Every structure is written in structure tokens, then in C-alpha cells.
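Sequence order for the protein chains is A and B.
Per the working numbering, the first sequence starts with residue 1, numbered consecutively.
Per the working numbering, the second sequence starts with residue 1, numbered consecutively.
Because the hints were derived from the structure by calculation, they are not lab data.
Since the structure is predicted, the reported quantities are computational estimates derived from the model, not experimental observations.
From the three backbone atoms N, C-alpha and C, an ideal C-beta is built for every residue, glycine too.
Hints may contain errors.
Here are the simulated lysine to aspartate or glutamate pairs, EDC-like style, with alpha carbons at most 20 Å apart [what the hints assert, rightly or not]:
(1) B:Lys66 <-> A:Glu181
(2) A:Lys727 <-> A:Glu181
(3) B:Lys84 <-> B:Asp98
(4) B:Lys70 <-> A:Glu181
(5) B:Lys95 <-> B:Glu159
(6) B:Lys46 <-> B:Glu36
(7) A:Lys101 <-> B:Glu54
(8) A:Lys464 <-> A:Glu120
(9) B:Lys70 <-> B:Glu36
(10) A:Lys464 <-> A:Glu701
(11) A:Lys101 <-> B:Asp98
(12) B:Lys191 <-> B:Glu163
(13) A:Lys714 <-> A:Asp704
(14) A:Lys101 <-> B:Glu41
(15) A:Lys236 <-> A:Glu435
(16) B:Lys66 <-> A:Asp704
(17) A:Lys101 <-> B:Glu36
(18) B:Lys123 <-> A:Glu190
(19) B:Lys26 <-> B:Glu85
(20) A:Lys236 <-> A:Glu701
(21) B:Lys66 <-> B:Glu54
(22) B:Lys30 <-> B:Glu41
(23) B:Lys66 <-> B:Asp114
(24) B:Lys175 <-> B:Asp114
A few chain B residues that face chain A, going by a derived Cβ cut-off under 7 Å, partial list only [said to hold, decoys possible]:
(25) Ser48
(26) Gly49
(27) Ser51
(28) Phe52
(29) Glu53
(30) Lys66
(31) Val76
(32) Gly97
(33) Asp108
(34) Thr116
(35) Arg171
(36) Ile173
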Amino acid sequence: MALSSSSSSPCSSSSSSAQQNQQQLQQQNQHQQSDNDRSSGELRALDCNLTSLCDHIQVEGFNSGAFSDVVVQAMGSTYRLHRLILSRSSYFRNMLHGPWKEASAPVVNLHIDDDNVNTEAIAVSLAYLYGHHPKLNDNNAFRVLAAASFLDLQDLCAICTDFIISELWTSNFLAYQVFAESQDYGIHGERVRSACWGYLCQCGTMELREVLPKLSSQTLHALLTSDELWVPSEEKRFELALYTLLAKGAFFKVDHPEQDNLEGHKAAHNILVELADCVVDYHTGISVSKPPHAQHEACSQTVSDSRYFHKMEQPASLNSPFTNSDTVRTSHAYVEMRNGIEASRMAENGDAMEGPSEESSCYHLNSSWLSRDQSRHCSSAPSSCNGAMPNDWGSCSVPPSWGGRIVGRRQVKNYAKGNSGIRGEEYDAFINIFEGGSLLYCNMSFEALLSVRKHLEELGFPCKAVNDGLWLQMLLSHRVQEIGAETCKNCCLTSSPCACRQSYGFSHGGTPTGYYRQEHDRNGAPGNVGNVYLADAQGEGNGLFGPVRVHVRGPIDGLAGLGRGTTFVPAAAWPPTRFVFSRVPFGLGNRNCQQSLAHDESEARVDPNGDLGDGLTALVGLSQGNSVIPIHTEQTFDPDLQNRITGASVSVPSSSGIPVQMLEPQEHALGLEWDNSEGSSISLDMKTPLRQFPPFRFGVEFEDVHRLTDGQVKHSPEVFYAGSLWKVSVQAFNDEDPQGRRTLGLFLHRRKAEMTDSVRKVHIYVDSREKVTARYQLICPSKREVMVFGSFKQPGTLLPKAPKGWGWRTALLFDELADLLQGGALRVAAVVQLV
Amino acid sequence: MSHQKKRAFNFKIETFKRYGVELDLKYAKKTWKLLEHAIHEIYNHKASGLSFEEHYRNAYNMVLHKYGEKLYSGLVATMTWHLKEISRCIESARKWGDHNMALQMIRDILMFMDRTFVPSSHKTPVNELGLNLWRDNIIHSSETQRRLLNTLIDCVNKERTGEFINRGLIRNIVKMLMDLGPSVYQQDFEKPFLEVPTNFFRAESQHT
Chain A
1 MALSSSSSSP CSSSSSSAQQ NQQQLQQQNQ HQQSDNDRSS GELRALDCNL TSLCDHIQVE
61 GFNSGAFSDV VVQAMGSTYR LHRLILSRSS YFRNMLHGPW KEASAPVVNL HIDDDNVNTE
121 AIAVSLAYLY GHHPKLNDNN AFRVLAAASF LDLQDLCAIC TDFIISELWT SNFLAYQVFA
181 ESQDYGIHGE RVRSACWGYL CQCGTMELRE VLPKLSSQTL HALLTSDELW VPSEEKRFEL
241 ALYTLLAKGA FFKVDHPEQD NLEGHKAAHN ILVELADCVV DYHTGISVSK PPHAQHEACS
301 QTVSDSRYFH KMEQPASLNS PFTNSDTVRT SHAYVEMRNG IEASRMAENG DAMEGPSEES
361 SCYHLNSSWL SRDQSRHCSS APSSCNGAMP NDWGSCSVPP SWGGRIVGRR QVKNYAKGNS
421 GIRGEEYDAF INIFEGGSLL YCNMSFEALL SVRKHLEELG FPCKAVNDGL WLQMLLSHRV
481 QEIGAETCKN CCLTSSPCAC RQSYGFSHGG TPTGYYRQEH DRNGAPGNVG NVYLADAQGE
541 GNGLFGPVRV HVRGPIDGLA GLGRGTTFVP AAAWPPTRFV FSRVPFGLGN RNCQQSLAHD
601 ESEARVDPNG DLGDGLTALV GLSQGNSVIP IHTEQTFDPD LQNRITGASV SVPSSSGIPV
661 QMLEPQEHAL GLEWDNSEGS SISLDMKTPL RQFPPFRFGV EFEDVHRLTD GQVKHSPEVF
721 YAGSLWKVSV QAFNDEDPQG RRTLGLFLHR RKAEMTDSVR KVHIYVDSRE KVTARYQLIC
781 PSKREVMVFG SFKQPGTLLP KAPKGWGWRT ALLFDELADL LQGGALRVAA VVQLV
Chain B
1 MSHQKKRAFN FKIETFKRYG VELDLKYAKK TWKLLEHAIH EIYNHKASGL SFEEHYRNAY
61 NMVLHKYGEK LYSGLVATMT WHLKEISRCI ESARKWGDHN MALQMIRDIL MFMDRTFVPS
121 SHKTPVNELG LNLWRDNIIH SSETQRRLLN TLIDCVNKER TGEFINRGLI RNIVKMLMDL
181 GPSVYQQDFE KPFLEVPTNF FRAESQHT
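Build out the structure end to end from the sequences listed, making use of the hints.
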């Protein structure tokens, strides 16, 4: 009793205190309400006051310069301004506050010699200090950005970059790309640069194709080798690189005369003549080699491209010395490329070249940015980089040393440089692109490889990477089939860490058997099982390297002939196959030599089927021997059953899964073993793990994704890689986002390749596994950002069985789709690597 | 094979012949000379004649045209040189004020570098750099460190025994050590300083 009373009293006291609290709260609320009333009224008055202050400052202060206490002169204009307002910018604050000469001066002169800045941009920036909202357009946004950056107006910089990014189109892409690439405007420049990069990755293959030859070689190298570049296939990527190389070469030749306008026409004529000669040369070269078709194409492409560029260049070259019209801007990316064409030509054609030496004529010395007067700034050309406007910083001046005719043209066929007229640095970049292991030749079809090789050989590239690609392709197909054969079908693990097999070994007669049998009875109709086996057997039997045929050396030696000794691992160094394959079920085992297995298979298939009524126990009895992989266990298991057993714990299919995935590793080897930069370091032997092979890249496009209704799915076409067919799908959701927004899911699907008409397509083989582990990235490039889902640092994901995919259910928000689509289509670049 | 050799050779020649870069480099050097001169002037108390506009613009142009690295390393070298000079003369505490003033001015004209180059290349901002250089070159220089500490402790002891000392000086020095960061203060002064009075008071207590 005492206890209860003592306990009740604090109770009551606490309740009373709670009441008091409530009352207090109510009172407070009332207070607050009245506070709110009052403050909102005050705010309204304050707003009024602020607005009138703003008006006053704008109209009286900036527009009419009343009570001005400092005069700012910049780019030919005079502004009567106010120290107090100017000190909003830390540039002016430091200037007017520190122990500087300007601190007490009544007039401040700004000699801004950033060519991106013009009078208007300064005016906009100063007006911004006085509260005027900047009016931006395509022509002044980057100028205002430059001015604001100079005056250290970070907010204005942000406004400008936002504008630029939202208004980035094919028409002005080049201008912004050059703007951001050639100068360092800090984080704002960086934002523009990354927007350009995203846009380039998204549209480089299609809309921005024409722009590519005008980009710097660094950018091109980064782009053409990047996973983030959306390109439908590796073959297309190669085509794009080849196109760029040829167009760039042609571009050099034709672009050349633009530099000296006196001899422009003559020189242009010369060049065209020479180009024609060159092409003839080319043809004679081809007629020696066998099928000239592809080559021919390349040549004509060169010519047409060059004409195209020539036409495009013409107006710019006419205008540039005289006007500052904005058309000049379109040409200004060429700047760097023009440099040293002579040098390269001289260098590789070497022997005979006459004309002024390069050192003798530098027409850019007449102006130094240190001493340039203001009038120059006022009339400064639209861009710092256009060639017509000498700019000592822009590294764009080229001595007009054209005039020599190159005699030693017979050498042309030897080098890509000779053919394409590209100078050393550019050539290096392209050597890196084509030969550096960043184009994944091993994922091209055999036919494509042949044509690629032909192209590259005729351009004078060593083709080492292509040859390596062939090796890798063969090795990959072999490894995939090997692993497929070796994989326990039950748990999707390869034999060594597979736990299922051991459990059979220990379980015969034990409880686990009952469990398995129950599962099996429910799922596995004998016929079904048989079918599965049939498919497997066919697939592996027809594969290029069926697991039975161990004589891999023969064909590989044959291929080595193609490699012409450039491959880094001699064929003789290949070890013999590690694995002994026994497709022969135990009951039949040892009966025959392996050759005859193909005939036995039908019988082999029948036998276990007969036993199946009894279920697993019989088979478990058979498979006790652990030394040889008991392949027939896989025959008896329905793949669905495997899913039941392992799927629940290991994989979550996309239709019922959690939004963001990634599984725990079966093996803990993390990190990206395969690396772009050292593609040639892949060791070629039979033990090479799959994850050391280069990944596979493909790009897909989904039209009208914003029209998807909830739950609706779009699938991309399937592509073949490593014995499987891969595709990406998008699906709209309205119930995945915690905040209830509509989302778009991105998923990767994989299924076993099917051997359809496989007579011609040598490279098609089948990965017989039902589920494979892969790591992959799905990448959506856009000018807003490059969204990357997934990581190659991950150990890998066990992809669910065929119709289901695996991915991210909340990858994209519908609200943001507008920024991500290109012409209404969502472009997704996928990178897949088996592990 | 011979082709390949030849090509490699040609590459080298071509890269040397890149004009614009050379030209840019020339201007970058010239610009840096101007800035370096300005820094010297600042340290020599002749800053009042300097134009903020001009030097800010010079630094801005260097960074804009990607010579930020050159500017930064030049700054470090010049500042280090000046601090080494300062460390030779005795009155470091007075020079501290000068250094701070100079640092402020240098930071002002290099503001654009602080804004763009420093974050993107993960360098130390100018102000912090100046303090670090002061610490490494003055406070941690072998002669100064011991002497500074001894003087401080000496002064404190003197005052404890009733002598007159320059309190303003002590205050300034301690403030400087604090400005350089708490770790500097603790390591260089606080720890030895706390040991000494222990001895002092122990001695005192034993006397009585």
C-alpha cells in the first residue's frame, strides 16, 4: 500500500506539472501568434522600406551617380559610384580599404585585360552590386561570368554559370567548351567545364559529332576512351574515333590557309590540290591491298569532310580580321590545332620543305597584354581565342610560314600522321586512343575487328591493341565457357567455394535430403530438367571451345599468325588447360574417349531422367566423389529450384527488390583490376580471372521516357557479351521514393545467349550459367551532370535469372528528367564486367 | 623499326616548337617578376605606392592562364626568403606585426588565386601559408626557438622575484604563439612554461 501511494503521488504531481506546461505552452503560443501578427506587419513595412531603399540605390546611386564618392573607369566607361556599395565586392573592399595607392584616390582605373570581359559585362557586374538583376543572354553570359570572377562577385558568377548550363546547346557548345577549357575561372569555370563534358558524353556520338574534330586532343582522348561517353557499341566508338582522326587531319590541311590572308586563296588551292594528290596516293596504296571498299570509304570521307570544313571556315576567315562579329566565335576552337601544322608536316615528311623558318616570323609580338591600352579592350573580339585576334595568352598565334610544297609525299602511307596531316601531339593522342588499350577491341565482333584492323593498318598504326583484342576475345570466350561448365548450377558458385556439393556429399540419408527433395518434388518435373540439360549441352557443344575439346592450342597458334608477333605473350607460353572435363555421367563414365561424347549425350541425358522419380538421393549417391566435378548434378536440378534455394538469400529481383542493391561478395577481391591505362597488362593465360578482362560497354537510348506510366517498362535491344545477352530497362515508379515523387528505375538484365543461326557468327558462344555475377555501371550523361550508378570498386552483383533485372528503382526523378533527356530520349551507357 | 625511331625523334622536336606556350611562359615570367617585386616592396614598407589594381590583375592573369602553380611556388619561395632574413635579426616580435601586415596585403592581391587555384589544387590558403612559414622559419628555427623560450621563462621568473619586465612584449609574443595555432602555443610554450613554476614553487616551499 505504502508503495502504491508513494508511487501515485509523483504521478499526480507529474500530471499537474504537465497541465501547467500545457497552459504555459498555450500562453506561449498565443504570445507567438501575436508576435507573428506583429512581425508580419513589421515585415511588410520592412519590405516596403527595403524596396524603396533598393529603388533609391539603383536609381539615385547607380543610374544617376548622386553623392558619388569614387569614380571607376573601366573599359572606356566612367561610373560615378559609392565606396559603401562597392565594398560589397571583396575586390573593391581590399582595394579601397588596404594601404594601397587606390585607397584614397578619387578615380580608380581598372585595366581589365581578360579578353572575355567587355564593357557590357563590367556594367552588368557593377549594376549587380547596386541590386540590379543581370540580364543574361547567349552572348554576354560568359563575359559577365569573367567580369564577376574578376571582381570576386561569387553570387553573380553562380547566376551566370546556371544560365550557361541551362542554355548549353550544340550551337554554342564549342564556345563554352573553349571558354572553360582554356582559362581557369575556378569553381565556376569548373562547373561550365563539367556541364560541357556531360553534354559531350551525351551527344558526342550524334548531335555534337561535327564538333569533335575541333576539340583539343586532351579532351578528345578523354572523351573517346571514357566509359561516360554514350555510344551504342564499341564498333561505333571506333568509327567515331576514326572519323575524328580523319576529319581532324583534313581539317588541318584546309584550315591552314586561314592564317595568312594574303596567300589564303593560293594556299587553299594548293592544299586542295595536294589533298587530291594525297587521295590518289591513298588509292594507289589501296589497290595493292585486297578489298578496297572500306578504305575507299574512309578516303572519300576525308575529302568530303575537308570540303565541309573548308566551307564552314570560309566566312570566318573572311570576317575575322575586320569585324568582331560573333561569327568568329565559331572558329575559335581551331586555334590550338592550327599550331605547328608545319612542324608536323616538316617533321614527318621530313626531307624537303622550303619556306620561311618558323622562328623568323612571329606576328603576335606586337601586342602585349601588359601594355595594351583600353581602346583595345573596348573593341576586343568576342573571344580570347579566336585566331584573328592576336592574344599572347591564348597560345593561338601561328607564324604564317605556309608556302613550302612538300615533296616527299611518297612516305605518306607509312604514318597516320602522313595520311591525316596531324601533328605530333595530336598523333600521340590518337595513338593512345587506338593503341592504348582504351578502345575495347576484344568486345567487337570478329568481322568488325577485321575491318578495324584494315583501317588502322592503312593509317599506319601498329594494330597491337587490335591483335591483343583478338586474343582477349578468344580467351574470354574460353574462360566463360569453362566457368559455365565448372559452376555449380545449384548455387551459382564456381566449384571451389560451392557449398552445395559438400552438402550432398554429407547429406545422403540425412535430413537435408528431405528438404531438398521436398523442394525438388514441388518444382522439378523430369521433362523440364531434361530440357535444361539439353540446352546446356547444345550450347557448350557448339561453342568455339567446347569444354570437351582441350586442344585449344591449335586454333590459337593459328590466330597468332594474325598477330604478327606483336602480341606480348607468345603462344607457346600458354599453359595447357587446367581442367579435366568430364561430361560423362558417372554411371556411364570412363566408357569412352571424350571425342565420342557428342553422341553419348543423348543417352546421358536420358539416364538421370529415368532416375528422377527417386529424386535426389540417387544422384547424391553418385556424386560423392569430390575430386572430379560432378557435372551431372547440374543436370538434375531445375534452375528454378536453384533460385528457391539460393535466390531468396542472395538476390533480390528487380520487381520486388529494394531500391539500391549490391550484394555481399562471395569472394573478397575488391577493386578494379582492369584498368584503362594499362590495358596491355592483362595476363593472357587460362587462369586469368574474368574480372581481369576488360569490361564491356554499350549504350542504349529510351525514347519518350517521360511519358511512361507508373509501372510501365521499356526495354532496350539486347547485345551480346561473354556468352550472354544484355539489355537495360527503365521502369516508372510512383511508390519508391520516400517523399512520394515519381521515379524512374534503371535495370540491367542478362540472359543466356541463344544459339540461333550460329554458322556465321563465330564469336557467339553461350555462358551456360543461369545467373552470373557481374559488376556494372549504368551512366546517364547530361549537361546537368554525369550520373553514375554502380561502381567498379564493388566485388560484384549476382544478377537474377533471365527475365528479371537488377538495378536502381529510384535512379532518376521524373522532375529532373527534363534536364537529362536529349531530344526526348534518355541515353544510358552501360559498362559490364563479369567477375 | 627505323620508322619508329625516326618518329620518336620527331615528336621531341615538335613539342619543343610549340610557340604559344613559350610565349605565355615569357609573359608569365615577366608578370611574376612584377609580383615578386611587389612582395619585396611590401616587406620593405614601401607598399603605400603600390597599386592594388595592377597587382591583383597580374596575379589574376597568371592564374587565369594556368600559371597558378608558378605563382604559388614563387610566393612560397619569396616569402620564405624574407622570413629567413627576418629570423637573422633579433626583434622577431616586432617583425611579427610587419609580417602580418604584409601577409594581409599579399593575400589581398592574390585573392583570385585563393579563390580558384588553391582549392582546386588542394594547397594551403595564402594566410595560413604565411603563418606556417613564419612558424617554420622563425619560431622553429634552431636559434630562435630555444632563445625565445628561455627569454620568456626568464622574464616570468624575474617578475616572480619582483623585477620589472616588459609586459607588453610578453603579451605580444604569447599572442603571436596563439595566433600561430593552439598546437604551437602548447608545444613551444605552455608545456615548458608549466614545468618551470613547478620547480619554482617547489624551491620556494623548500626554502621556507
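Verification of the hints:
no.	hint	verdict
1	B:Lys66 <-> A:Glu181	10 Å, holds
2	A:Lys727 <-> A:Glu181	35 Å, violated
3	B:Lys84 <-> B:Asp98	14 Å, holds
4	B:Lys70 <-> A:Glu181	19 Å, holds
5	B:Lys95 <-> B:Glu159	25 Å, violated
6	B:Lys46 <-> B:Glu36	14 Å, holds
7	A:Lys101 <-> B:Glu54	10 Å, holds
8	A:Lys464 <-> A:Glu120	55 Å, violated
9	B:Lys70 <-> B:Glu36	12 Å, holds
10	A:Lys464 <-> A:Glu701	32 Å, violated
11	A:Lys101 <-> B:Asp98	19 Å, holds
12	B:Lys191 <-> B:Glu163	24 Å, violated
13	A:Lys714 <-> A:Asp704	10 Å, holds
14	A:Lys101 <-> B:Glu41	13 Å, holds
15	A:Lys236 <-> A:Glu435	16 Å, holds
16	B:Lys66 <-> A:Asp704	43 Å, violated
17	A:Lys101 <-> B:Glu36	18 Å, holds
18	B:Lys123 <-> A:Glu190	17 Å, holds
19	B:Lys26 <-> B:Glu85	29 Å, violated
20	A:Lys236 <-> A:Glu701	14 Å, holds
21	B:Lys66 <-> B:Glu54	19 Å, holds
22	B:Lys30 <-> B:Glu41	17 Å, holds
23	B:Lys66 <-> B:Asp114	14 Å, holds
24	B:Lys175 <-> B:Asp114	26 Å, violated
25	Ser48	6 Å, holds
26	Gly49	6 Å, holds
27	Ser51	5 Å, holds
28	Phe52	4 Å, holds
29	Glu53	6 Å, holds
30	Lys66	5 Å, holds
31	Val76	19 Å, violated
32	Gly97	13 Å, violated
33	Asp108	4 Å, holds
34	Thr116	3 Å, holds
35	Arg171	25 Å, violated
36	Ile173	25 Å, violated
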